[in-house]
Amino acid sequence: MPPRDAVMVADAPARDPRAAGVPKIELVGASKTFYVRGQEVTALQPVDLTVGDQEFVALVGPSGCGKSTTLNLVAGLLRPSRGEVLYDGVPVTALNRRVGYITQKDTLLPWRTAAANIGVALELQSRAVPRAEAQERVAQLIDLVGLRGFENHYPAELSGGMRKRVALARTLIYEPECLLMDEPFGALDAQLKLLMQDQLQQLVHQRRMTVLFVTHDLGEAIALADRVIVFSARPGRIRAVRDVALPRPRDVFKMRFTEGFGRLHEELWDELKDEVAKGVDV
Amino acid sequence: MTRAAVSAETADGPTAGAAGLAESARAVLIGQVVVGVLFLGVWEVAGRQFGHDWTSLPSLIAVRLATWLIGDLWLHALTTATEMLVGLALGGSAGVVVGLVLGRSPVIATVLRPIIVALYSVPLITMAPLLILWFGLDLEPKIVLVTIVVFFLVFFNTFAGVAAIDGDLIASFQLLGGNRREEFQKVVAPASMVWILSGLKIALPYALAAATTGELLAARRGLGSLLAQAAHQFDMTGVYAALLVLMAMGILVSEVANRLERRLLRWRRAAA
Ligand SMILES: Nc1ncnc2c1ncn2[C@@H]1O[C@H](COP(=O)(O)OP(=O)(O)OP(=O)(O)O)[C@@H](O)[C@H]1O
Ligand SMILES: [Mg+2]
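The listed protein sequences correspond, in order, to chains A and B. Okay, so the first sequence: first residue is 1 according to the working numbering, each after it adds one. Okay, so the second sequence: first residue is 1 according to the working numbering, each after it adds one.
Since the hints were made in silico from the structure, they are not lab data. Since we're looking at a predicted model, the values are computed, not measured. Using N, Cα and C, we set each Cβ at its ideal position, and we do this for glycine too. Each hint should be verified, as a subset may be incorrect.
So the derived label-pair ranges between C-beta atoms look like this [unchecked claim]:
| hint | chain 1 | residue 1 | chain 2 | residue 2 | range |
| --- | --- | --- | --- | --- | --- |
| 1 | B | Ser105 | A | Lys254 | 52 to 60 Å |
| 2 | A | Ala156 | B | Ser24 | 26 to 34 Å |
| 3 | B | Thr110 | A | Phe253 | 28 to 36 Å |
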């Protein structure tokens with residue numbers, strides 16, 4: 001019997017979600033320039049990027065290259081300086097509430113306990129559910145992100161990784177069709193990170209979500225994504241795009257040791273390392 | 001498992017320290033009592049020796065306080081407390097509402113700013129005579145005075161609190177689906193709570209001062225009028241007794257405020 005992993009890599013056809021019609025997210029020549037005390041800071045050079053329905057796309061690139069800016073554009077928190085950002089084929093001109101956004105920065109409400117933070121969306125008119133159901137879903141999500149026993153802790157009483165998981169849970173609870181995730185697992189230890197990746201992968205599959213995922217961790221990008229996009233150093237532009245033709249479901253715990261993974265990792269690292277070096281020079 | 005163990009351990013830390021703290025707190029308390037008794041003793045002895053027309057005596061004051069306690073002290077205290085509380089409620093809630101709204105509407109705030117600053121530049125206590133002319137001798141002018149004083153203090157604090165809210169907190173809440181009303185209720189108001197409460201705390205002694213000042217000028221009842229009556233008759237014992245009552249009231253008020261604040265800001269303990 002050949003090793004299972006080898007089979008996985010060999011010949012499963014890559015799924016092509018882009019065949020499914022209108023892309024979920026589309027950036028058309030979108031760029032962003034900030035003005036800081038009269039100085040221009042180009043965060044993003046014109047970028048063309050398409051994320052198909054139910055596709056999982058990972059963005060990697062050196063610090064300051066405009067990854068968070070890209071997500072902010074899709075969420076409607078920023079307007080592009082030039083070009084267009086489309087969601088379901090429609091230009092994003094206001095806050096885009098159809099996406100769930102797990103921001104890089106901590107935006108939990110510090111006066112609410114973990115459970116109350118996770119349930120906050122379900123208290124809102126636009127997403128209201130009966131109280132009993134809300135409680136049940138909060139409990140489910142707490143289990144999902146492994147925070148049982150910490151329901152009544154305030155954010156200041158949680159570790160950085162735990163806060164990230166609360167942020168993840170409070171977004172997942174309202175089941176958005178699309179997730180924007182900005183280094184959601186950056187603060188987790190290696191084992192927990194793998195566990196969370198595995199859960200995310202299952203959940204994304206179950207709920208048929210579209211994901212745009214920012215990470216510093218190339219291995220994480222390959223493990224999770226259908227496609228990995230490498231950004232250049234600031235001002236960011238797309239340097240390389242690689243499809244990850246590894247079959248699903250993937251074994252995030254073991255796939256690192258497969259040949260296909262290793263090859264892709266090496267290829268992408270070659271693209272990334274120059275840019276990282278440039279980023280440091282600046 | 002390990003996480004739980006770690007957090008249990010850290011939870012032990014403060015308790016162990018607390019025993020030592022209680023120990024030294026008792027020593028401090030004993031010291032304070034000794035100093036207090038010494039002070040009263042010296043006052044009493046010196047007063048009896050050198051005459052006490054201007055300084056009265058602790059024993060006389062104690063007797064007077066006891067007479068008042070059987071008499072109508074409660075009525076006076078209640079009057080002052082009512083003026084304070086009603087003024088705090090009115091001025092406080094108005095200050096919070098106006099502070100929150102202006103804090104979230106920068107344009108209106110910029111327009112109104114000079115007017116507010118000009119109004120606040122009038123030493124507010126000096127409005128007392130005017131208010132007495134307008135509203136008479138009873139509770140109303142004092143309530144209005146307390147309300148105005150409290151309003152400004154709470155307003156300025158609330159306004160500053162809203163300005164200090166992290167914009168990302170609001171943006172991410174909006175993305176979660178919050179509308180404008182929910183944003184006020186669930187983000188802006190609680191985020192400003194620290195500032196609102198500190199404004200109220202600052203306002204408390206001012207509220208007491210405003211109420212008593214009003215009473216000093218013209219009143220039939222209240223601790224301020226008690227003080228004024230005693231002073232007009234050169235009754236030093238009465239003056240000291242009234243001041244003592246005011247002091248007790250001030251301590252009581254700030255103690256209540258501290259407890260309330262600790263309860264409302266539970267979530268901040270960990271952050272501190
Ligand atoms: N609100 C802003 N005002 C001014 N400049 C900004 C703003 N947001 C981002 N920038 C600038 O834009 C550039 C890109 O920022 P961005 O946050 O998108 O980087 P990033 O790729 O997410 O970096 P990191 O990996 O460190 O999070 C940076 O140089 C930053 O200084
Ligand atoms: Mg970023």
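Tested hints:
1. At about 57 Å, the beta-carbon gap between Ser105/B and Lys254/A stays in the expected band of 52 to 60 Å.
2. Between Ala156/A and Ser24/B the CB atoms are about 28 Å apart, so this pair conforms to the stated range of 26 to 34 Å.
3. For the pair Thr110/B and Phe253/A, the supplied restraint of 28 to 36 Å is violated, since their beta-carbon distance comes to about 58 Å.
Checked against the numbered hints listed earlier, the structure breaks hint 3 alone; every other hint is satisfied.
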